[in-house]
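Heads up: the protein sequence lines correspond to chains A and B, in order. Going by this note's numbering, the first residue of the first sequence is number 901, and it counts up by one from there. Going by this note's numbering, the first residue of the second sequence is number 108, and it counts up by one from there.
Simulated from the structure, these hints should not be mistaken for lab results. All C-beta atoms, glycine included, are put in the ideal place defined by N, C-alpha and C. Treat the hints with care, as some may be off.
Derived DSS-like pairs (lysine-lysine); straight-line CA-CA distance at most 25 Å [what the hints assert, rightly or not]:
(1) B:361 to A:1208
(2) A:979 to A:1203
(3) A:1201 to A:979
(4) B:361 to B:184
(5) A:1128 to A:905
(6) B:361 to A:1201
(7) A:1203 to B:361
(8) A:979 to A:1208
(9) A:1201 to A:1128
A few chain B residues that face chain A, going by a derived Cβ cut-off under 10 Å, partial list only [what the hints assert, rightly or not]:
(10) 273
(11) 301
(12) 372
(13) 373
(14) 376
(15) 388
(16) 410
The following residues of chain A were derived to be distant from chain B, with all beta-carbon distances above 10 Å [claimed, not checked]:
(17) 903
(18) 951
(19) 960
(20) 981
(21) 1155
Next come the chains, spelled out residue by residue.
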Amino acid sequence: MAEMKRVCVAGAGVIGSLFAGHLSRVAEVSALVRRDEHARALEEHGLRVSGRADFTGRVTAATSPDELPEPDLVIVACKSLDLDSVAGRLAGHWPNATLMTVQNGIGADEVIARYGDWRLLVSVTFMSGTRHEDTHVEYVLDTATWIGPARGTTPADAQAVADLIVASGLKAEAFDDLRPAQWSKLIFNATVNTVAALTGLRHDPHFAALAEPSDLGHLVRALMDEGKAVAAAAGVTLGEDPWEMNVLATQRGSAHYPSMLEDVDARRPTEIDMITGSLVREAHRVGVPVPLHETMERLIKAKEESYK
Amino acid sequence: MKVCVVGCGAVGSLFAANLATLDGVEVWAYDLAQAHVEAINRDGLRLTGAGEVLGRPHATSDAAELPPCDFGIVATKAMHTDAAIAATAHAFAGGCVATVQNGIGNEEVLARHVERVIRGTTFPAGKITAPGVVQWDVQGDTTLGPFEEQPAPMSEIERLADACTRGGMPTKAVSDARGPQWRKVIFNAATNPLGGLTGLTHGRVCERPDLRRLASRLVDEGKAVAAAQGIELDADPEELIDYAARPEVAYGHKASMLQDIEARRQTEVDYLNGGIAEFGRRLNVPTPTHESIWALVKGVEASWEQ
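Looking at chain B on its own, in the form it has when it is part of the complex (with noise of 0.2 Å):
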């Protein structure tokens, strides 16, 4: 079997030194971090934290030195997701793509490139700490099912998911990959931003009840997009949002978005209030909330140009 991460950032690192420990895979990373992909193909790629970990993934930065490929994993930063499935499809002209990305939208992208798509949600994290490490901070689920609109073929997707699985990843194939994939960008539309915009933790936000009421209202607009769509949701978004805010889960966590906007990058928020407010605009469903909250953070964005 031959997969290949594409975006081989931390979450893509989970996934690639993971399943390049197995036996019978060969591994492919995609990344345009050169550091990144020099340290990997000289001294392999650690994982260290949550799992000790050396796997040794062929990296790159040239698309061209693709070989074909089964699978496709795509660990992009959402905005990054056209770019890099347009430069690898190629590989993928006989294979499936899942997505791993944050947010919703990520799927219809990847369709526009490849045939064959899988939907996912991974919820493993972790950060690069030096070219070819990666701290691995929590461990965590993933879920595959067939992007409804191209989908991949079942067997195939079961296929992934027991390399995963075998690989230290724990992933499960269902034939609706909705439910995770909305609670996960529920939770992180409705406690991200919150801490983008104003600075504080994660556990900070929600320890002020007139913030963890906004963060309830933005949870309730999405589960009605949601519900309007006919996804059930796996489990409350809400439990996660208080089970995070405890001091030995996340309390001290900076939102990946409140890291975005003080190092100045782009952040994932169309894919996350943008994406929901998107959905609810063409299911009908009011969804004023996130889309003040969009707003807001993609004039934070323009800001920086000011």
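Excised from the complex, chain A in its bound form (with noise of 0.2 Å):
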């Protein structure tokens, strides 16, 4: 891969911002965006990083391909549900460029694929933060980007850009195949996200409780299990413990606010279709039997039914 001088964030939400933010202080940043005015104050005033770091970054912003500059990368950070409109109106632009997602759930790269030749990258993160304004980021939880290649990349490239982040002053790390990495969080997700979604707690330690037999714990463990049978089958070794990962995140003392709880709390769309239902999909597809994943799908559908 060619050196990163440009590097072009689709999408700027909480994680977009993060990734601009923190990036325009080591190569030039612009931000694709979807509203004029988000665009416009971002070119006026820049993009203010609080929290773990202090600082404003400068970017250049459009609503248009058209009106950027090409970039080295792209760091595709919309939500999962919005990848299509974003890759249709990447689609045409940028040939040599490298796109990355970092999309919750599995197959985004996928998704992509269908709009253009770009070489792909893949990453999870678990960095979090607070998007206080159009211009203000919060940056909460100091945790890494997992990067690995995908169509037409190396490890090395994945290191490049783990490089690069790294630089920018947010965490990093490069993955010779990020599949372990993608299924552990995946599992971790399409449970926590659904639990949070349908009882309205926050990550919190009800979520490792099992000491009674109605205790959360119990149903946690038992989606974890069958996303486990899922990635034994499709051939994947998981990188960390899925229920390990619940344990440790559940004794933090601050609960995590998990973003499909905050999508129902706003009554807006939820991600169920990329997390649990990429999970459902491939279990599906290896025949392997989820029936608890399909009752936290049906019931966050059904919910999502109920605001209209």
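Can you join these two chains into the complex? Each is in its own frame, and there are hints to help.
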């Protein structure tokens, strides 16, 4: 991969803003956003990062790729629900760029691949933040982003991007094969997000409680066991054990507000199709029954319908 | 005959008001809602809707005022059974106590406090619209039978059933009352929490094929637990689910668990899905879907304290 001097962040939500802000310290950063006023605000005020860091980065921004300089790297940081629309806007542009996905679930790179011949990297990110305004993001959890090769890229390409991200002040690590990490996170996310969204609980010690028969830990573990069986049948050796990730996360003290609960609280469509949906589709492909994940998927979809 | 209705909410009020219209039956209503008790003692207990009834039971929030009774009819929410019967048990030292509550496990709680217990299931429903006034939404049958471990004599069960029937609440006395009870608990456990967790009315739950299949999965697990005890359901809960989904029956009805969740009140899930899961565990019948639903609804209750 050529040297990465120019990075475009497509989708400037929490994760996109964290990348754009930090990377602006080591590269020329642009942001492809959906709203004109968002683009204007970024151009005018820059992007303020607070929390674990405190600075304001300079970014160029626009709502169309035509108005942005051609980047070496595009970080596709939109919600998984918006993947088709963002990839569609990128179609026909920047054939020499490498595109990196950061969406939850698995299969984001396959969606992007349908819109162009770009080289692709995949990643999962564990960092989190809070978006206060279009031009202000708070950096909350400084956990890493894991990057791996996909279509047309090598582990060295993943390493180059990880190095750039580390140089910008965020944490990142490159993997020869991201699937073990991706699957661990998918199983973790499909479980924690749906349980949180249906109960209204933030990710707190209830999720690891096993003392009483009706304690949630039993359901959490059973969901994770279904996911592990799917991964095993798909020939994937998991990275971290999702149950241990769950126990550790719930011992941290401050309960994380899972994004699917956030979506449900705001009566927005959730990412259920990309998270639990991708696990269930993979389960059907490899012939592993996942009745509990199907139950969660149905209940979340029905909850979305109740907004109408 | 002296009868005390313990827990005079909507269902308790249907029994209390109807029985109080009979000559020769003295009806007491024990309830902690002070305004309801005062209104009943001042103006009587009025039912409107499926039947127009004005009964004049003696209402009280003070269990010490209750005279010795021949019968108790317990109609509290299931989680209040223990406290309610502990307070009133003295009135039933020589009598028999029936439960007409939702779920399973209520008889066992009553049997810890009184000697002779009647297993009961009732289908009528309504809601309190003002103190002393109950809207009677749904008419329906009641079935009473002996609680196997600490049974009331069959002659006494027949005497109570006869009084209820004469009072306008059609009631059958049967030697095995588990069939209707399990039909109702399976119906409730398969539909109530789906509404509670998703926010959809009963009809909208049934309209979604994926959710309707989930309800069937819950029904099948419940049937397996009933069958393992040798219980013959008196009708198929599936039929009840589809019947209730009709526009003229309960399409737009918000399940009581959804009403509880919206009002952030403790639900009856421990006695519905929890009851089926507990029986399943004892009988070695797997109930993974009931267990999951139970945990989710308990999680919802826990979220109110977070």
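Hint check results:
A threshold of 25 Å between alpha carbons decides the hint, and for residue 361 of chain B with residue 1208 of chain A the separation of about 15 Å falls inside it, so the pair holds. A hinted pair counts as satisfied when its Cα atoms are at most 25 Å apart, and residue 979 of chain A with residue 1203 of chain A qualifies at roughly 20 Å. Between the alpha carbons of residue 1201 of chain A and residue 979 of chain A the distance comes to roughly 17 Å, so the proposed pair stays at or under 25 Å and holds. Our distance criterion of 25 Å between C-alpha atoms is met by residue 361 of chain B and residue 184 of chain B, whose separation comes to about 17 Å.
Only pairs whose Cα atoms come within 25 Å are accepted, and residue 1128 of chain A paired with residue 905 of chain A is rejected, the gap being roughly 40 Å. Restraint check for residue 361 of chain B and residue 1201 of chain A: satisfied, since their Cα atoms lie roughly 18 Å apart, inside the 25 Å limit. Using a Cα cut-off of 25 Å, the hinted pair residue 1203 of chain A and residue 361 of chain B holds, with the two alpha carbons roughly 14 Å apart. Between residue 979 of chain A and residue 1208 of chain A, the direct Cα distance comes to roughly 22 Å. Compliance with the 25 Å bound is thereby established for this hinted pair.
Annotation: proposed proximity of residue 1201 of chain A to residue 1128 of chain A holds, straight-line Cα distance about 23 Å (limit 25 Å). Annotation: residue 273 of chain B was flagged as interfacial toward chain A, and the flag is violated, the nearest CB pair being 42 Å apart, outside 10 Å. Interface hint status for residue 301 of chain B: upheld, as the beta-carbon distance to the closest one in chain A is roughly 7 Å, under 10 Å. The beta carbon of residue 372 of chain B is not positioned within 10 Å of any beta carbon in chain A (closest approach about 15 Å), and the interface hint is therefore violated.
At a threshold of 10 Å, the smallest CB-CB gap from residue 373 of chain B to chain A is about 13 Å, leaving the interface hint violated. With its C-beta approaching chain A no nearer than about 8 Å, residue 376 of chain B sits inside the 10 Å limit, and its interface hint holds. The interface hint given for residue 388 of chain B is met, as the beta carbon of that residue sits about 7 Å from the closest beta carbon of chain A, less than 10 Å. The beta carbon of residue 410 of chain B comes within 4 Å of a beta carbon in chain A, closer than 10 Å, and the hint placing it at the interface holds.
Non-interface status of residue 903 of chain A relative to chain B is upheld: no Cβ of that chain comes within 10 Å, the nearest being about 48 Å off. Listed as outside the interface, residue 951 of chain A is consistent with that label: its C-beta sits roughly 23 Å from the nearest C-beta of chain B, beyond the 10 Å cut-off. With a least CB separation of 42 Å from chain B, residue 960 of chain A remains clear of the 10 Å interface cut-off, as annotated. Separation of residue 981 of chain A from chain B is adequate, the least Cβ-Cβ distance of about 20 Å exceeding the 10 Å criterion.
For residue 1155 of chain A, the non-interface assignment is contradicted: its Cβ lies about 7 Å from the closest Cβ of chain B, within the 10 Å cut-off.
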